[in-house]
Structures are given as C-alpha cells and as structure tokens.
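*Asks:* These protein sequences, in sequence, are chains A and B. Numbering follows the numbering used here, in which position 561 of the first sequence is assigned residue number 561; successive positions increment by one, without gaps. For the numbering used here, count along the second sequence from 1 and bump the result up by 1000.
To be clear, the hints were calculated from the coordinates, so they are not data collected in a lab. Hints may contain errors.
Stated by the list, open to error - Each computed DSS-like pair below joins lysine-lysine, with the alpha-carbon atoms no more than 30 Å apart:
#, chain 1, residue 1, chain 2, residue 2
1, B, K1167, B, K1177
2, B, K1167, A, K29
3, A, K29, B, K1177
4, B, K1176, A, K29
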Amino acid sequence: MDRQVTRRGFLALLGGGAVGTVFSPLPWKLLDDAAIWTQNWSWLPRLPRGEVRTHASHCTLCPAGCGISVRTVGGEPFGISPIPGHPLSGGALCPLGFAAHHMAYHPCRLTDPIRRVRERGPLAHVPIAMSEAISEARAWIGAAGGKGAVAVLDARPERVISTLYRWLLEPLGGVYVAAPGGEASFDALDEMLIDPPGPVGLDLAAARTCLSFGAPLLDGWGSPGALPGDVHIIQIETRPSRTALHAGRWLRLHPGTEATLALGIAHVILAEGWANEPLLRERGADFATYRQLALDLTPARTAELTGIGEGEIRAAARRFAQEGPSLALAGTDPGGGPLPREAQLAVWGLNLLVGSFGPPGGIVRRRAPAAPRRRLGDLPDRSIQLLLLDPSVTEAAFPWSLVARKLAGDQAKVISLSPYDAGMALRADLVLPAPAPMETRDEVTAPATAPADALALSRPLRRPPKGVLPVGEMLRQLAGEAAGFDYEALLREKVAAIEASARGSVYEPATGESTPLSGDLTSALEEGACWVDERPAAWPLPEFRLLGGGADARERMRRAVFERPNDAGLVLMPWGWRGAAGAGALPQVAAKLYRESHLRGEADSARIHPETGRSAGLRDGGRARLGTPAGFREVVVAFDAAVLPGVIHVATGPANSSFGDVEPVLGGLVDLCRIDESGSWRLTPVTVGEA
Amino acid sequence: MFFAGLAGALLIGWFGLPAALYERIEQPLQFSHALHCGEDGVGMSCEDCHAFADDGRFVGIPGIENCAMCHEEVMGETESERRLVEEYITPGREIPWLVYARQPDNAHFPHAPHVVLAELPCARCHGPHGETTELRPFERNRLSGYSRDVWGPSISGLGTEPWEGMKMSDCCACHKKHQVVESCLDCHK
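With these hints in hand, go ahead and build the complete structure from the sequences.
*Replies:* In structure tokens form, the structure reads like this:
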C-alpha cells in the first residue's frame, strides 16, 4: 500500500511529538541537569578530596582579631567557626569572618600588579610584571623629594609590618600616618593628659555602667564578646542602631550635640556632689574653668539643645556616677567617622569626674609603648608626592578628599598594596597584589580599645597565587633589598622579647585554658595560641586639662556646647558596620547573608523619617538624589519613624548592587560628607529630591 | 500521525532518556551489607564502619584500615574478599568506591544533626542499602556527573518511597514536614 507522508501528517507527527515531549521527563530533566552542569565547569574552583583537618587561627579581616577554627580538606580551607572562650573575641565571629576563606576567590582578586591608565577611564588598568612594578614604584619613591614627600597610610599601626614601613620611610624623611576614622580615637584623651602614661585601653568586661556616645557595642565594636551580659548600656546616638534598640536606655539626641550632653551630664555630677572635687582641682589644670562651663549649662538648657528630657539627663548622670565602675566612650561606628574634638574631650572628661581612670572597669593603661605615628589632618596640604596604602586601609571608611587634599596635585602618585582591585586600591596609580587572608603568616594584635596588648598569628593555610608576594617581601624589594628587611625575623624578635619578659598569659585553643607564659611561645602561636599581656597594677591619676590644649580651649568648648549645629535644613549622617564600612572587597557568601537578614537593603539606602521624606516629595522604596557640595548620589529611600526628623542616615560600604556581581565602584556615600576643622565627617548639610 | 509522534516522544522521554543519560559503572569491588550487618550476618552495625569522629564529623565511607581490622588475611571463599585483601589491604590502597549519595561541593550536609539530633534512621535517606547483598552499578549522569541516586530511580523524579531522591527539593520537603526553619546558608555555606 502506497502511503505518502503528507504535509498535514508531518505536522501532526511533529505536534504529537511536541505534546509527548512535554508529557515526558525529557525537557524537565535536561533543564535540571543543564543547570547542574553549569556548576561543574572545569574553571570553577572546587575543593580537593582529602583529609579533613581543623586548624586554630585568627581572622585578619578587621582589627578585632577573632579566634577562628578553620576546617581544611586536602589542604584547602572550606569552613570557619569561632573559638569559644577566646580572649580576644569571646567566641564571637561576624558574618564576614565566617566566610573569610572565600576572599581568595573574590572577583576583584589581583594576581598581577596593575598600572592605572586614567586616560582610558577612571578605573582602566593594564597588568604588568611584578619586577616592572617594583622598579616603577622604586623610581617613584626615589623621585619624591623632600621631607614628608613620601607617606604611608596604615590602619593597624602596632604590627611588625608597620615597623618595616617606618624603616622604609626613615632614609626618605617620610611620614607614617595612621588611617583616619576607625572606632575609637584616643587622640583627644592624649591631648587631655599633660603627661600621658602611654597607650590606654578600655576595660569593658569589668564595667557596670557604660555611657556610649555612639559606639555600637552590641555590633562587634572593640573586642567582640568582651562585653558582659550584666553591663548597663546607656546608648547615646541619633540613629536607631541595633545597639540603641537593645541598650538599657537609648538617648536619641539631636545630631552633633554630643559635647552638650556630655557637659550637661557633668553638670549633674558636679552639682550633686558625685565628683571628687579636691582631687580634680589638684590634678586638673583647668578644672575651675571646666566646672564653671559645666555649671552654666543647666539640665534645662541641655534638654533644649539636645532634645533629651531633663529627667533622662539626671537619671543617666546619677547612674553613671553611682553604679560604677563606669565608662564613658567617645567611640563611633566605623563608618560614621570620629566625634569632633570637643565632643571627644567632653566625653572622655566624664571618666575623670567619676574616677574611671586607672581602676578595673575604666580606662586602663596598656604596657607596650605606643608606636609613633602622625595624624593625616596634621600634615600640610599638598605635601605628599607619593602615598603608599597598606592592605588594611581598605577596611576603613573615610572620605577620600581627606587624603586627596594632602596629595601634591596631579603629580602625586598613589601605590596600593592590596589583594583586590577594590576600595581604596581604585585610587592608586599602581597596585601591587598582596596575599588574601590565610595565604601568609599575619600578625594579629589587640584592637585599639582592648584593655591589654595581645599577640597571635593568622596561619598560612593555602598557597597564594603564583606571583603574589607577602607584604614584607614587597617592602624589602621596595627598600632595595636592604639588610634587616626581614619580616619573619622581626616577628621572631618580637615573640622572643615577649618570651623574655615572662609576662602575661597564653590561651591555648586546644584546651580552652589560659596559663601564665612559660616556655616556647613561638610554637604555641604557630598552633593558634593567643598571648595576652598582663595589666599594670596601679595608675595614679595623671595631671590633665579637661578642655584640651590651646589658648582658645574654653571658647572652643563653649561654642561646641552652646551652639546647636545645623539648626535648619537636612543633615546627612553616615554609618557603617565593622569590616564592611569601607568600599573594600567583601566575602561573596557573607554578602548573601547580609541580603537575607535584616541588614538587607541598608547599603546604598537612606533612612528618613516619613514626614521628612514626604515633605521632600519622596516615597518609601523610591529613589532619591542626595546632594552636598562634594557631589550627588542616588539612593533608595527607606522611611523609618525611629529616625529623627531632618536627619538622613546613609550606610557606607559596598552598595547592594556590588554585593553580588562585583563591579569596582569608585567612591561611596562617605565621599559626600563634609570634613570639619577637627577632621570629623559626621554631619553634612544635604539637599534631597526625587531621583 | 499525531499519536505516532506522541507515542514516539513519550517512549524517548520515558525510556530512551534514562538509557542515554546514565552511564553504568561497576563498583571496584563487591560488598555485601547483608553479610556484615544483616540478621544472618556477622552482627555488625552501621556505626561500626560509618561512624562519627570525635569532633562530631561523619567519616562517611570507612578507610581500608577499617576493613583490615577483620580482613588482614582472607577469611572466606569469595572472589571479592580475595581481591580486597590482595589488591587493597596488603598494598595499603584505598578502595575507590563510587559513592551513590555524594552531594555536590556546594551542598553542606552534616550527618550529626540528622542522625543524632533528629534521630533519623540511615534508611530514611539511603533506603534499604544496608540490607543489600551486592553493590549495584553506579549510574553516573553524563551531563551533571552526579549519581542517579541524587535524582532518584524514577526518571520522573516522583519517587514512591521517601528515600528516593536527594535533591534540594527533597531536603526542603522533609524540613518543611518537620517544621525545620531553613535558609540558603544552612546548606550552601
């Protein structure tokens, strides 16, 4: 029988085949498998098979130095968890630390030096060989002539690597500068003390009352885990931060009135006789002036200026004075910038009034001498011809204009040592690739706020990519391979000096116990131990100036206290999380966690009181354009009734858009901020309109 | 013609696809779970070989030293045991088992919370594997590279037994059933 396939029959066959395919597993199964197939591309990093081991080490993502337990398989780190009971972190670990081992695979990771080619675009660059990069950097260093022409910016100044920077700068007449910002500045405290006893720390663990002027104590500030559960926190800040919402009391003051409130509290302490006035008169060069200034500021006036009720002010002052040991902290979140000088003086001064200098639970002295450093603000403008950025600088959040005005115009060169082409490295003309966390032996010291010095190591648990040199080795080559530029030898010397001192205790993660230092500290540190210095026994109250130095000290404090800043208009207040405040690289998976948790939506968004927002023509979830003399930036609007009317809170740090597929972004919201005469950028007048 | 096309597509989809998609690979050695831990076996339990380490990790497939504890010398008459001793235990080589339940690297599955805390029996996920007298061929998905056990024996993905399938949807269904709150990072660390 002759049967021909007709066009109709063929189409019916195809139709039947299509219907049959849909009702078979074929398309769905292949779709699923194809998705999985994309996970197995050969170039995707994958864990080796092998022995699973656990290594005690320390996190280096931020200055906290948390103790971590790193799991490796076949020699490759694949998981991190905190070490319970660790003296620096108390078993705490932030979401970034949990994913620190991912940083080696960051999309912005550099494995070769790069030279910026600005003519092709602000972020355009070309890779160059390490030898060429070192030669070029040395030529730039050699060409930068004159005292102070070469500078190093370092965010963690107490390390051995910082000593190498100083050695590099010494023959050049260069300046070593501590990175601005950070969480707590003791500069004002040093200024108050006529003969400072050396570096100080904060004994939060023994404090019962803590008057925190913006320090995010419950968000990993200082030493995470150092805060006992029974300390009464009085949180004083404008923003409804997590610490503010969980504190014993939250005093929501008007922006920029910290100095006023601190002196208002001093008024109550002095007026009600809680201070040891004879001692304060004896040791305080300007106590009489300070006292009069404080007594002029009545609680009623303080309430009017700060927006905090008289009763609240009196209650806070009484609790602070009576429920000791007490600590008043002039600290801030890492993105918010330091308090202005007068506010710092007024806050630290409260500790002097209630005798919190020296005893446990107050401001305590640390034993190790402070490393010499300069403040960026003290350098002459346009003085730096060559600036070297340590890898730690990328974790700090500060307006680049703070640095830019110190650079000698367009001729100045910036060299960054960074594992990533992100954050501050984007400002550099030359970037030398530094190792990522866990690729080299790194030194971990106690954070600036810790009550005692400490030393631990971050252990090298994976090989750095070929061509990436340890920072110490790069400095040795930059110094022309000068003798003595041996990071490992210097580190051994530092450990040997501690061993010789026979001071302090060693925490062993294997046993979870601290024992007095004895024997081989080097081996113990290699196994993940942490040495903690002992504290000096006594610290007599030194002589001090409560209003700081300078002939106009009283007048400056009077202005800061009695004049309400920015009485009219909107103000911009930045803030940021530790480790994520700067524009540097973040672990990718941690970024997901940020998105999934309540932190989602914070970065690149502006929190505004609904009434303020509506009056500016904004809507919740819409986009707004923020404008300051420094520029404009688009943000997402988030209405929040807990925000003070007239204030716009913006989170510094990588924008949400850069959490996933990372595209380098030059500058951040912090670059919109205005820098005041004391180097603070907490308050900036801002205009806002719908984008 | 329509029905011819329909039937052809259904046949290809339901029978041709599995045959083409999965590559059958014999295990390097035969092993009888029933002989070791069955009712008529030598009285071992699952935990004798698939144990938890001191730090709580599940050690998975036991190493050759575990087998050597009993089989340092040939005890029986089977070809598999002879090969075990001669090819693996004596030269100290690990057996390159093909693991039916191997999950992708991006999935973190800790046994401890499931077996110790939730008290799930091994068979909840591994089925009657502990009762088998021989090891079936490992069926490798040519596209994804994973074991067929991850998808489940039915090409439709609709298993009739709770242990059929070890995909994320199976994990989520069980979590939902037991009211376990979950998020992406619980498993994808």
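*Asks:* Are the Cα positions of K1176 of chain B and K29 of chain A separated by 30 Å at most?
*Replies:* holds (24 Å)
*Asks:* Are the Cα atoms of K1167 of chain B and K29 of chain A separated by 30 Å or less?
*Replies:* holds (13 Å)
*Asks:* Against the 30 Å threshold, does the CA-CA distance of K29 of chain A and K1177 of chain B hold or violate the hint?
*Replies:* Holds, because 25 Å separates the two Cα atoms, which is no more than 30 Å.
*Asks:* Hey, K1167 of chain B versus K1177 of chain B, does the alpha-carbon distance stay inside 30 Å?
*Replies:* Measuring from Cα to Cα gives roughly 16 Å; hence the hint holds.
Violated hints are absent here; each numbered hint is respected by the structure.
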